[in-house]
Amino acid sequence: GAGVSQSPRYKVAKRGQDVALRCDPISGHVSLFWYQQALGQGPEFLTYFQNEAQLDKSGLPSDRFFAERPEGSVSTLKIQRTQQEDSAVYLCASSTDNEQFFGPGTRLTVL
Amino acid sequence: DAKTTQPPSMDCAEGRAANLPCNHSTISGNEYVYWYRQIHSQGPQYIIHGLKNNETNEMASLIITEDRKSSTLILPHATLRDTAVYYCIVRVLRGAQKLVFGQGTRLTINP
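From first to last, the protein sequence lines are chains L and R. Under my numbering, think of the first position of the first sequence as 2, with each following residue one higher. Under my numbering, think of the first position of the second sequence as 77, with each following residue one higher.
A portion of the hints provided could be inaccurate.
[Unchecked claim] Here are some, though not all, of the chain R residues that point toward chain L, as calculated from beta-carbon distances under 10 Å:
| hint | residue |
| --- | --- |
| 1 | Cys88 |
| 2 | Ala89 |
| 3 | Gln121 |
| 4 | Tyr163 |
Worth flagging that the hints you see were computed from the coordinates, not collected in a lab. What you are looking at is a predicted structure, and each value in this text was computed from that prediction instead of being measured. Beta carbons: idealized from backbone N, C-alpha and C, even for Gly.
So here's chain R without its partners, still in its complex pose (with noise of 0.2 Å):
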């Protein structure tokens, strides 16, 4: 699977929109581009994925860039709750495989 790269901590105010980038130089056309996040003592959950279309769901949206090379995960009004560690993963839509999880970016929501 490509690699990614994420900053690895960011800050942002409760209620402001928190943006998170990601960086898949390496992703290949058939690769989709996957959002999960990790709170503390508890295991990843499931955000977004998509393959090039920008998406949106109730947790949040997913810009990709047309070259594909970069996206951008949403939260448009953080709140305290969101503070967790969100990983960025590129994937082939191809039946159950495994995640290949870089460090992620530790993302604190501010009072």
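Bound conformation, chain L alone (with noise of 0.2 Å):
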């Protein structure tokens, strides 16, 4: 069956530019995460959605971060006026209670 997918793969933006990035997870799947990581870091959680509900957005690392899952499936992470330090690989992973599938996450460059 389909995993979870991202799009895109692969964003450039130029430092200032909004950002969105998009996360399709398993179908059926209630949990969804959002995580960052850094080069040679392990992914750091930003948000995590219960269906269309935001319950943490602990980790999100400025008012610049928002996430949405409007209608509890698709989720999209918006990063505005982006920064050269927002430059990471971004996973999207959704989950059962036991285990968290993830996505092959979105590489993004700020230059």
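Hey, can you piece these two chains together into the complex? The hints should help.
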């Protein structure tokens, strides 16, 4: 069956531009997570949705980061006025209680 | 979540068993030990998890010490495709929860 998909796979943005990253979770998965992975580091939690409700956004690094999941399936992570320190791989995962299934990530490079 | 400690890197010859250690000395009684791995340019992939008994599946075996302060992930016959970063994570099994990744162990399988 289809796994978690993310688009685009690669994104290059100029500093100050807004970007939107999309995640298509596994069908029927209630829980959805976003993580940020800097080069050479492990993934770090950004935010968590249960259906359309954003239950935890404690990991979002600034108010330039915004995530939504309006219909409880597809999710979008938006970064406004991108900065160079936002360059990272952004991973999405959908979840059963025991296991998280990760997408391939979107590699964002801010020039 | 309790923190884990892993060696930053390990090497193993193809066809041999790869034994990856993890220390989790502050693990709580209701926390499970999870292992994920991340192959280059992919999202993390679930491998195995356990509470206190040894576990085995088609990918690996997990050996947890009696005091639960450490564990070892065993890949019985490593192949080149097992080259990846391996993450040991402890978490409670209480619904969907964010994963707290450390630095992981970069395992290189050599031909």
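Against the structure, the hints come out as follows:
Interface restraint check: R:Cys88 against chain L, minimum CB-CB distance 21 Å, threshold 10 Å, status violated. Because the beta carbon of R:Ala89 sits about 25 Å from the nearest beta carbon in chain L, more than 10 Å, this interface hint is broken. Annotation: R:Gln121 was flagged as interfacial toward chain L, and the flag holds, the nearest CB pair being 7 Å apart, inside 10 Å. Here the hint on R:Tyr163 is kept, as its CB sits about 6 Å from the closest CB of chain L, short of 10 Å.
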